[in-house]
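Model the full assembly from the supplied sequences, consistent with the hints where possible.
Sequence lines, in order, name chains Y and B. For the first sequence, my numbering begins at 42 and goes up steadily by one. For the second sequence, my numbering begins at 42 and goes up steadily by one.
Among the hints, a few may not be true.
Calculated cross-link-like contacts (lysine-lysine; reagent style PhoX-like; alpha-carbon spacing at most 20 Å) [as the list claims (entries may be wrong)]: (1) K441(Y) - K356(B); (2) K432(B) - K333(Y); (3) K441(Y) - K432(B).
Because the hints were derived from the structure by calculation, they are not lab data. Predicted model only: the values in this text are computed from it and were never measured.
2 protein chains.
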Amino acid sequence: MAKAKANAIVAQSGGPTAVINSSVCGVLQEAAKCKKIGRVLAAHNGILGVLQEDLFDVSTEKASTIEGLKRTPSAAMGSCRHKLKSLDQAHADFDRVLDVFAAHDIRYFFYAGGNDSMDTADKVNKLAAQRGYELVCIGIPKTVDNDLACTDHCPGYGSVAKYVATCAMEAGRDTDALYTHDTCTILEVMGRNAGWIAAATGLAARTPEDAPHLVYMPEAAFTWDKFVSDVREVYKRLGKVFIVVGEGLKDKDGKYVTADSGSFAKDAFGHVQLGGVADMLKVVIEKEVGIKARWNKLGTNQRAAMHFASLTDVKEAWMCGAAAVKAAMKGVNDKMITLVRAKGDKYKCTTGLAELRDVANGEKKVPRDYINKQGNHITEACRRHIGPLIKGEAPITVGKDGLPVYVRLRRKPVEQKLAKYI
Amino acid sequence: MAKAKANAIVAQSGGPTAVINSSVCGVLQEAAKCKKIGRVLAAHNGILGVLQEDLFDVSTEKASTIEGLKRTPSAAMGSCRHKLKSLDQAHADFDRVLDVFAAHDIRYFFYAGGNDSMDTADKVNKLAAQRGYELVCIGIPKTVDNDLACTDHCPGYGSVAKYVATCAMEAGRDTDALYTHDTCTILEVMGRNAGWIAAATGLAARTPEDAPHLVYMPEAAFTWDKFVSDVREVYKRLGKVFIVVGEGLKDKDGKYVTADSGSFAKDAFGHVQLGGVADMLKVVIEKEVGIKARWNKLGTNQRAAMHFASLTDVKEAWMCGAAAVKAAMKGVNDKMITLVRAKGDKYKCTTGLAELRDVANGEKKVPRDYINKQGNHITEACRRHIGPLIKGEAPITVGKDGLPVYVRLRRKPVEQKLAKYI
Chain Y
42 MAKAKANAIV AQSGGPTAVI NSSVCGVLQE AAKCKKIGRV LAAHNGILGV
92 LQEDLFDVST EKASTIEGLK RTPSAAMGSC RHKLKSLDQA HADFDRVLDV
142 FAAHDIRYFF YAGGNDSMDT ADKVNKLAAQ RGYELVCIGI PKTVDNDLAC
192 TDHCPGYGSV AKYVATCAME AGRDTDALYT HDTCTILEVM GRNAGWIAAA
242 TGLAARTPED APHLVYMPEA AFTWDKFVSD VREVYKRLGK VFIVVGEGLK
292 DKDGKYVTAD SGSFAKDAFG HVQLGGVADM LKVVIEKEVG IKARWNKLGT
342 NQRAAMHFAS LTDVKEAWMC GAAAVKAAMK GVNDKMITLV RAKGDKYKCT
392 TGLAELRDVA NGEKKVPRDY INKQGNHITE ACRRHIGPLI KGEAPITVGK
442 DGLPVYVRLR RKPVEQKLAK YI
Chain B
42 MAKAKANAIV AQSGGPTAVI NSSVCGVLQE AAKCKKIGRV LAAHNGILGV
92 LQEDLFDVST EKASTIEGLK RTPSAAMGSC RHKLKSLDQA HADFDRVLDV
142 FAAHDIRYFF YAGGNDSMDT ADKVNKLAAQ RGYELVCIGI PKTVDNDLAC
192 TDHCPGYGSV AKYVATCAME AGRDTDALYT HDTCTILEVM GRNAGWIAAA
242 TGLAARTPED APHLVYMPEA AFTWDKFVSD VREVYKRLGK VFIVVGEGLK
292 DKDGKYVTAD SGSFAKDAFG HVQLGGVADM LKVVIEKEVG IKARWNKLGT
342 NQRAAMHFAS LTDVKEAWMC GAAAVKAAMK GVNDKMITLV RAKGDKYKCT
392 TGLAELRDVA NGEKKVPRDY INKQGNHITE ACRRHIGPLI KGEAPITVGK
442 DGLPVYVRLR RKPVEQKLAK YI
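Quick look at the structure:
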């Protein structure tokens with residue numbers, strides 16, 4: 042770095058998780074120890090905040106608030122799904138990012154997000170190099186989908202995994218009690234392209250009677266015939282059926298299964314518009330198996346469920362944030378922090394580094410050997426992989442009113458220095 | 042009682058809750074102290090198990106399992122929604138109940154359920170009197186809907202209230218972070234006729250910025266025009282909207298609001314079949330307000346969420362179970378245990394008694410003064426009423442695998458003595 046002290050910026054991107062604030066906390070607490078870092082600014086609502094020069098000064102937040110981020114779900118700095126215009130087509134967006142960085146003497150960019158964010162960070166970094174603007178870009182992995190390449194798993198996943206497995210267990214007990222009336226329950230979880238979240242619910246099935254009895258992931262080709270036959274088999278054996286399904290179900294060609302695919306579905310749906318995958322399965326089950334089915338859709342609640350988050354996940358998320366700052370101080374650039382699992386039976390996890398570009402271009406799906414031959418549940422190998430990630434209960438603060446206390450940042454605005462862009 | 046010792050039966054009915062097992066635990070632990078009670082039997086799957094003579098002997102369960110019921114959601118004995126044939130039309134079902142009771146020398150009937158169950162218990166009791174069969178019937182209140190008459194509130198409600206309020210808070214934080222993309226979130230909760238569950242989410246709104254911003258209950262007449270205007274107002278003020286809605290929305294005539302009611306809805310829906318109320322609201326919001334909306338439907342997970350249940354609720358549920366046995370020992374009959382709130386600012390709750398008939402015929406909705414004038418949120422009076430019920434976090438056991446440990450009863454069958462009935 043040219044100067045002794047330069048400013049840093051932290052931004053959060055994409056779908057929030059229970060622990061992305063913990064990663065930010067790791068950045069802030071580690072940055073506070075670094076003499077080379079002056080002020081730490083935050084982008085309000087991710088890269089959108091950078092484009093809008095909507096920044097706030099994290100240095101003015103109380104230490105207790107920063108510490109409270111470890112126990113606060115979602116993205117306290119604000120996030121976005123804003124996609125920058127392509128670097129090839131037009132430099133405008135990326136130029137603007139560097140203009141804003143330069144205006145505030147920002148030389149460190151810590152970006153917590155998924156593969157799109159790593160792509161952005163990489164491109165910003167490359168453009169900075171072209172312009173001769175000294176900048177260090179370090180990515181921090183974040184996604185409940187757990188589908189990032191180059192890392193053993195992603196911060197955010199352990200918590201959603203623990204929560205959805207618990208939900209499968211609890212709603213499963215409900216079905217156990219009321220199966221003479223509500224014989225089948227479907228739990229719809231997130232995961233349009235990768236089945237990691239659905240897979241995690243498989244951990245709840247400690248015995249064959251336990252829910253879930255069937256788990257469908259996008260990685261295993263779905264057919265309506267097989268599905269109906271699966272449900273009939275479980276119903277015959279147990280007199281009840283508990284199913285978990287990810288948002289995305291795909292056929293053998295990788296196409297999303299929709300209402301007009303397959304004979305059962307065609308018959309059942311007619312011209313009906315559906316509420317979602319779970320609703321689609323319900324209609325087919327009631328028509329073809331002849332048992333009453335109902336469904337739950339956890340939606341955004343699953344990725345925000347701090348009240349029963351994984352302590353392992355919270356700690357690793359913090360570790361990734363702190364590691365990002367340490368790496369930057371050591372002169373590392375254009376990398377994402379990864380989680381590296383030690384070999385052997387005892388779970389141990391440290392951090393590593395991956396090229397931003399490799400993460401941006403990659404995707405990690407549930408491997409076939411984590412899914413059983415039938416394509417309707419997880420294997421022991423999968424249990425061994427996911428199991429350690431959900432261990433430990435993250436502490437939260439509960440108020441006198443019986444509800445969690447989550448912090449809010451003050452978000453003291455940084456004075457704008459540039460003309461309005463968007 | 043004619044004899045020094047007679048048997049008791051316990052049954053659970055209707056939709057499970059997080060704490061109905063705690064009530065059963067109260068019955069069993071109190072009954073164990075009573076010299077007048079011999080064996081305690083359980084009906085497998087509620088009154089259906091009685092009709093089928095599908096009983097099991099609770100005396101053979103381990104004490105640790107019984108104690109574990111306090112920390113186990115749903116109905117461990119099994120529940121049902123089986124409706125007995127009317128007493129006026131045909132005695133058959135009720136005669137069968139008494140035949141099964143007589144065959145097993147059952148003289149105490151403890152029935153945990155809602156108003157239908159209290160109706161059943163009352164009718165069984167009256168028929169027993171006609172037949173000269175000595176029987177004591179005591180009801181134990183249970184319902185997440187909190188709509189039972191004669192009791193201040195219902196065991197089961199405090200836990201669902203704590204959980205849905207937490208869910209509103211957490212999904213609300215998700216919306217806070219991603220409002221530039223997903224501007225509106227709808228949380229659909231249970232409650233087709235009574236808005237108590239939706240009302241509880243109002244507790245999460247500690248400040249005007251906090252979710253939920255709008256809460257719709259069946260007790261406040263719903264119109265599409267007003268709804269769209271509400272959403273527009275919140276969006277204008279905060280740039281985001283978090284809505285909670287019960288399953289049931291009713292117009293001023295008490296009719297359920299459907300897709301073809303009201304001009305906005307008519308335009309928006311065409312011939313579309315809907316996934317539920319939340320989906321219906323989403324379609325109207327996107328069309329009329331022009332902001333993206335998404336929704337979560339907690340379904341059965343809300344009534345089974347032992348992992349963040351109210352300690353107050355768990356204790357009161359246990360207290361109701363124990364009080365049922367104590368009352369029976371004192372010669373009380375044909376009554377349901379009620380929860381009685383002491384007057385004054387400090388919350389204190391004891392048990393009382395109500396006629397089974399009065400509970401069977403009653404229903405308790407959210408009073409108008411608990412809903413604001415706009416009909417879109419709760420009042421301070423409502424907060425004061427619900428607030429104490431969600432206090433305290435019920436302890437659960439979490440296994441080494443990071444997931445809750447919930448008990449299962451062994452359910453050792455009692456030998457059948459009668460011919461098959463159904």
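Consistency of the hints with the structure:
Proposed proximity of K441(Y) and K356(B) is supported: the alpha carbons are some 18 Å apart, at most 20 Å. At roughly 36 Å between alpha-carbon atoms, K432(B) and K333(Y) are farther apart than 20 Å, so this suggested pair is violated. The hinted pair formed by K441(Y) and K432(B) meets the criterion: a straight-line CA distance of about 7 Å does not exceed 20 Å.
Of the numbered hints stated above, the single one contradicted by the structure is hint 2.
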